[in-house]
Each structure stands twice: as C-alpha cells, then as structure tokens.
Amino acid sequence: MKKNLIIATLLFTCICIHAQTYHVASVNGNAYVLKNGERTTLTPREILRTTDVIEIGKNSSLAVVDKKESKLYSLKETNAEQLSKVIKSQSKSAINKFAGRFIESLTRGDTEKISYEATVSYKDMAEDLRIYTALKNAATQSAYPVLFTMIEQSSGQTLKGEAAVGDLFFFRITNKSATPLYINILNISSDGSMYDCLPIDVGGTMLHLLVPGYSTVDLKQYPMEFTEPKGEDSFTLIAHNKPFDLRNVIQYFRLNENTSANKAFIGTYKLSTIVK
Amino acid sequence: MPKSDTKIWLYTSLATVLATVFCYVFYIILDVNVLDYLSKQNNEADVVNYYYKIQNRKSNDGAYTAFYDPEIVILDLEGTKSRVDIADAIKRVSDLLPRAIILDVIFPENSTTLQADDDYLKKTIASASNLYTAVRIDGNKLEKSFFQDETGVQYGLANKVSHYKPYEIFGKDTLYYLPFAVIKEQKKENRNLLINYSDKAFDIYPIAETLTPEDIGNRIVLIGDLQDLRDKYDMPFSIGGERRVSGTTLLAYNLSTALHHSWIVQAPRWIGFLLALCVCFGFTYFCYRLRSKGEDGNNPWYNFIETAARIVLIILFLLLGYLFFVWFGLMVNMVYVILTTALTGLSMNIIEVCTYKRKKK
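If you read the sequences in order, they're chains V and F. Just so it is clear: in the first sequence, position 104 is 137 by my numbering, and no numbers are missing. Just so it is clear: in the second sequence, position 299 is 476 by my numbering, and no numbers are missing.
This is chain V alone, in the form it adopts within the complex (with noise of 0.2 Å):
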C-alpha cells in the first residue's frame, strides 16, 4: 500500500512538472531548442517544456513567460543546456542583487555615485538664473566655439532647413574649445512654446550632457522627432562649463522673470527648420 503511495506521489510530480510550460515572449538574436538531435531556432508565441533543451547564442536573449506563475524570465546567452537549468542558474534572488548593488556601490562600479562626487556644482540655481539673463540679452554673444547640426536618422543625412512632421533625427554636437562643456538645446516651435530636447538626470550632474573639448559627439541615444505644429522651430543649443538644470531656464522664461543676475558665460549656436 505504501509502495502504491510513493509511487502514485512520485508519477503525479512527474507529471506536473512535465505539464509544466513557457511560452516564448521574444527572442533577441539566435536562441534555438534541441529537439530529437536537431537545433530549430525559436519563434515569439512557441511554447517549451521545462525539459526542452535550449542553446542561447552570443549577445542574444530569450524571453519566456511561465503564465501560471506570472513570471517572465529573460535569458541571456548559453550552452545547450535543459530550460529548467537555464533559468535556475540565471536567476538571481533578493538577497543577491542587493549583494550586487552593494559591492558595486563599494567599489565604485555605481557610476552615478561616482557623478555626484565628481560635480561639485550640481543644481545650482543661480546658475540657470545667470543662464537665462545671458538668453534675454540680445546682445550676448557666445562664449565658447561650439556647433551643432541635426542629422537624419533614416539617412544619416544632415537636415539642411526643411523637415516634414515625424522625421526622427539626433543632434551632432561640436565643441571646439579646449573645455569641456555641458550642453543641451532649447527649442522654441512655432506657436512659442518651449521644451528642453535632452533630458537632465535626476542628480542634475550632467555628465551624460558633457562634451569633451576638441571634440564631435552624436546624441544618437536621445533621437528627436518633428512634430506639430508646422512652421518654424528654432534651436538654441547651450554650452557651459558647469552643470545647468535648462527647465529652470524655460521656466524664467515663462514667468518672464526680471533679473539683476550678471548673465553666465555660455557658449550659443542657433539654427531654424520649417516643418512641413
């Protein structure tokens, strides 16, 4: 009788676990199942068994998604190896990744700790104050030798003048002095409203914003796209040498602040696209 147990216990485990399935969210790169001694390369919507070995190829990943349990596991590359094994040994638990975090932020791999000690200045108020008078005054020329041009993304193209509602683009930025300059670009559309085109960190440092001197750099991880309304959009692009927050500044601009604030020393570049 307690034989019959075991092994009825035993054959309803197997089966639950054989029941057990994945579904394939998405697959990045090469990512294969083995099956019968042939390699099929996986499709999204494919559904694995737990059992079912899979091979992850390099620079790859596979997505699985476990509906009963609500889980989705992504994977990255490895051997032919079973399903089950490959998400056991590529998960990681709580205490793991605070583990992880923590020597990081020991050993200063945590490089946004490493931001906020290297910027003395950030989030200086005053700073976008004297930014923004430097901005009002007409007369303010530019302090350094700085440029930009707006390059197509589909192209690689420069845009020169003219771009139509929903062409997607990055700014090409050019410092050509000696210092290094923190940048970003204020754009006025037709009707005057304002936006800032590059997004400031939460510290406010910058330093995904700075621009080494002597120096050409492609945003191409911020890529922009033209949008209504028609008409002219003008850029300016902003260059100094510390850390500035450019929302404060559209914000000055619209509350139209009067300020006494000597104006900052910034580097200025301005360019026009009507968008058709």
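Do not rely on the hints blindly, as some may be mistaken.
[As the list claims (entries may be wrong)] Mimicking SDA-like on lysine to any residue, the simulated pairs with C-alpha atoms at most 25 Å apart in a straight line are: (1) V:K125 x F:P247; (2) V:K309 x V:P245; (3) V:K263 x F:K321.
Bear in mind the hints are in silico, worked out from the structure with no lab data behind them.
Based on the hints, put chain F in the right spot on chain V.
Frame of chain V, contents of chain F only:
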C-alpha cells in the same frame, strides 16, 4: 565609564536621546542626503527610489525576472498618425471581446483636415465595446478628444499619479483616473499606498500584428504610442531597463497595481523613528557593557567589536528594509535606524567627555 547597572542604564538613555537628536538634525532639518538621490523629494520617496534601483533591472542586464501581468495587453501604435489606421486597430481589438479598451491618446480637434478620417474614427469609437478614452487636466483646462462630447464615450484621467488616487475633483465634476474608471473603484485617496514600479512584463503587440482571441479575449487592452517622445517621463530609477518611460507604460503599471492590489505600503514615519529608538537603545547598552569590560581589561578587542557590530547592524537593517520591500511590499524608512546606529559612537563619546569633565571639577 559607568560601572554600576544604574549608571549604564542612565548613560544609555542619554546617549540614545543624543543620537536620535543628531539623526533628526542631520536627516530632517539639514536634509543631509543619505541615499544619493538629490531630487526634490521627501526622504521616504528617496528610500523607495533606492530600493527600486536595487530591484529593477538595468539596461545592460541580460538575465532578469519580472512579474508577468496576464490581464493587461499593450497595443503599440508605433508612431502611427493616421486616424483611419488607429480606428481600424480599435475595431480589430474590439471584435476580439476584450474586458476593456483604454485609448491612451488624445486626438485634438485641429491636427487633421480630413473630415472623413475624423468621422470614421468617431464612428468606430462610438461602436467599440467597453472603451475608455483619455482626458487630461492641464492647469485649469480639461484636454479631451474632439469626439468626446459627441459620442459620450466613457473616459478617465490620464494624468500621472504616484499613489492611490482614484479620482480628482475638477470644478463640479468628479473625474476618475483611467485605471479606476475601468475597475470601478471609488474609494478615497491614500497617500501611503504607492504605485508598484517593480519590473513588470506585459504582452506588447505592434499595431500591425495579427491578433487572436487568445491574445485579447477578456483582457484589458491599452492602446498608446510607446515611441511618442512627447509622452516620455524621466524616472529616478529604471523601469524595464529604461529611465525614460512612456506614459502608456506608466499607466499600465498603475493599472496593474490597482488590479492586483499590489500597492507598496508606506509605513508612517513614526514607525521608523520608534524602531530607531529601540535599536539605538539596545546597541548603546551593548556598547557600554562592552566598553566597561574593555576598560577592566577583560576584553582587549572591545573597540574593534563595537565598530564591527555597528557596520554589520547598518548593513543588516539596509538589507532588512529592502527585503520587507521586495517580499511584503512594505516600505519602512530604515535610514533613521542606520543613522542613529552610526551616531551612537559619537553620542556615547560626548556623554563620556561631559561626565569626565564634571568628575574633574
């Protein structure tokens, strides 16, 4: 150094009070930032951000695990501007009998001149089953689609919120936020329940994808443009490996939290304080006992043990706070405990110096 039990208790109490006062001055009054976040937020928000920073995946993480929400589907418009194409997508989704459709797009009156396209979209919206459209409070104005009043279709607010807030009073009207309009929840606002931004995975289909009843049936379909650069939000931590997140994705997180009641419960500030007071008292007592033994010559390692214990305790409470957050969705601000524990040595030394001078006199 106190030798008698009574004196140790007295010194412990004094040092605990001093460490707590120091903690209050540094953390609350001087607003010394402990967890690296420099944005204008309260201390509790900084702690939550820190936990998400540990928990959520980074853009270069190859392997990760996320909660898969089977009840939500996102249909990505992928920059589609044609109102006819969008109307067709709504029609296809509606035919597959979803639980609800949320259209996270506002169609202004003047952005097209094609009357026929507008009419087709209006007709499709009016005939779609259980569809909710988005409206947005912009200052004193209510931004809505051109068809809103004419079709009388159900709607909800698409403004961004970070905590449990089912509705907004706008003039004389009560406007429900989209997730709450769909799940029909009408409770009061609760600032201690925060939206859960732990990494989630949703089925995302591009607009041109051929959809099956299994993809859509009885699920809530969010239709939005994940590529629209005007609808991107900078987050203080990564969500799905990105710091710039689309408004539709944030709406999906809000909806998922509301559907599964997986809110992050923010413990009141006094709990953090109380915990800090208890831990600080216990640790200070332990340190005084250790020091008194050390000065008697019974424990030459007392200084090392005290410092090591302090470091271990700080890491332990940081870990404990994180585990509470991950396992129970509970956010207790452990910074109070960490700071007071770190400051126990200083406060004990101050008390000792003060009493030493008094004895000399």
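Consistency of the hints with the structure:
1. V:K125 x F:P247: Holds - the C-alpha atoms of P247 of chain F and K125 of chain V are around 22 Å apart, at most 25 Å.
2. V:K309 x V:P245: Violated: K309 of chain V and P245 of chain V sit about 35 Å apart, past 25 Å.
3. V:K263 x F:K321: Holds - the C-alpha atoms of K321 of chain F and K263 of chain V are around 21 Å apart, at most 25 Å.
Against the hints set out earlier in the document, a violation occurs for number 2 only.
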